[in-house]
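Heads up, the sequence shown is in the numbering used here, so the first residue is 555 and it goes up one at a time.
Mixed in with the good hints, there may be bad ones.
FRET-style restraints, in silico, Cβ to Cβ [unchecked claim]:
no. : residue 1 : residue 2 : range
1   : T830      : I607      : 45 to 55 Å
2   : L856      : S777      : 19 to 29 Å
3   : L602      : T830      : 50 to 60 Å
4   : F614      : K646      : 27 to 37 Å
5   : T650      : T786      : 45 to 55 Å
Honestly, the hints are just simulated from the structure, not real lab data. Everything numeric in this text was worked out from a predicted model, so none of it was measured. Ideal Cβ placement from N, Cα and C applies to all residues, glycine included.
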Amino acid sequence: MRTPATMYMLTSISMGTIMVTSSNSWIMAWLGLELNSFAILPVTTKTLAPSSIEATTKYFLTQSTASCLILFASTINAWQTGTWTITQMPDKLPSTLMLIALTMKMGTAPVHLWLPEVMQGSTLLTGLLISTWQKIAPMVLIFTTSNHSPSDIALIMGLLSTYLGGWGGMNQTHLRKMMAFSSIANMGWTMMTLTSEPKASMMNITIYLLLTTPTFLLLAQTSTKTLQDMTTMWTTSPTSTIMLMLLLLSMAGLPPLTGFMPKLLILNELISQNLTPAAIATTMASLLSLIFYLRISYLTSLLTPPNSSTSTTKWRQNMNNLKTAQITPTAVMSTTTLPTLSP
555 MRTPATMYML
565 TSISMGTIMV
575 TSSNSWIMAW
585 LGLELNSFAI
595 LPVTTKTLAP
605 SSIEATTKYF
615 LTQSTASCLI
625 LFASTINAWQ
635 TGTWTITQMP
645 DKLPSTLMLI
655 ALTMKMGTAP
665 VHLWLPEVMQ
675 GSTLLTGLLI
685 STWQKIAPMV
695 LIFTTSNHSP
705 SDIALIMGLL
715 STYLGGWGGM
725 NQTHLRKMMA
735 FSSIANMGWT
745 MMTLTSEPKA
755 SMMNITIYLL
765 LTTPTFLLLA
775 QTSTKTLQDM
785 TTMWTTSPTS
795 TIMLMLLLLS
805 MAGLPPLTGF
815 MPKLLILNEL
825 ISQNLTPAAI
835 ATTMASLLSL
845 IFYLRISYLT
855 SLLTPPNSST
865 STTKWRQNMN
875 NLKTAQITPT
885 AVMSTTTLPT
895 LSP
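Make a model of the complete structure from these sequences and hints.
This is the structure:
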């Protein structure tokens with residue numbers, strides 16, 4: 555795909571998200587979601603490989619199903635209330651259908667099975683786009699309707715996402731699938747306090763996007779796709795291995811890194827809402843995700859494989875295609891902003 559065509563598609567994706575975030579009507583929001591979904595299809599098929607074609611087909615079918623549910627739920631709501639306004643959704647049936655449809659677009663359990671397969675068939679940069687920018691529009695709609703969303707269903711979806719994201723990521727050797735299950739687990743944390751404390755959920759998803767962006771960029775710049783590639787990543791860039799380790803540990807929620815604060819606020823909110831069993835279950839589920847985060851960190855920065863080569867390592871050479879100097883400041887910001895987030 556030529557560069558002008560790529561820029562045109564990326565502009566369409568941005569315009570679709572802007573339409574959703576600035577609209578007050580379900581019709582305009584639905585049109586923005588459709589523009590967003592259709593514009594990314596040529597981007598996912600850029601390599602023209604069979605795996606990318608399969609991933610694009612799965613993505614299209616899933617997003618089309620979710621769009622149909624959104625249009626169906628908004629039509630029912632307009633029939634009952636006489637308005638297409640997003641904030642007016644008092645009935646339980648359309649609000650439940652809308653929550654399921656929007657979570658399907660983001661890849662939250664139990665409608666998450668498409669996300670690992672699509673991420674595996676896409677490139678790392680396309681996976682970055684799917685796991686970050688494509689979540690913004692449906693997440694804005696979820697937060698807008700959070701006061702009408704059923705709290706019990708949101709809590710169940712959050713628990714399922716944290717457990718299925720943790721269990722699914724433990725057995726993976728491909729980093730794109732592992733990041734997909736990491737996305738599912740983090741979306742579970744976001745759903746836990748969606749109805750009771752939307753600000754904590756918004757902070758969690760914002761920090762997740764901040765952490766995921768430099769992680770994918772580091773993996774793409776070093777051409778790292780599997781766990782086996784992680785063992786030799788230090789030969790490409792020693793700085794990247796250290797920053798990637800900090801990013802992964804921050805995603806796991808270890809203090810004093812950035813990712814610890816939103817999880818602490820979510821657990822505090824669950825306990826204050828007398829949902830202590832749910833808080834304990836979520837904390838136990840985070841240990842599942844911690845396992846594969848620590849495994850990646852170990853392979854990245856603590857393991858040096860046997861190497862008898864006497865040639866000059868890659869990081870000593872002048873590699874023009876490696877632009878870690880532009881990624882490192884972003885990674886530093888995403889791992890050391892904990893003091894600024896504390897109340």
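Evaluated hints:
1. At roughly 48 Å, the beta-carbon separation of T830 and I607 lies within the given 45 to 55 Å, and the hint holds.
2. For the hinted restraint 19 to 29 Å between L856 and S777, the CB-CB distance of approximately 21 Å keeps it satisfied.
3. A hinted range of 50 to 60 Å holds for the C-beta pair L602 and T830, which are about 52 Å apart.
4. Distance hint check: the CB atoms of F614 and K646 are about 30 Å apart, consistent with the given range 27 to 37 Å.
5. In this structure, T650 and T786 meet the distance hint of 45 to 55 Å, their C-beta atoms being roughly 48 Å apart.
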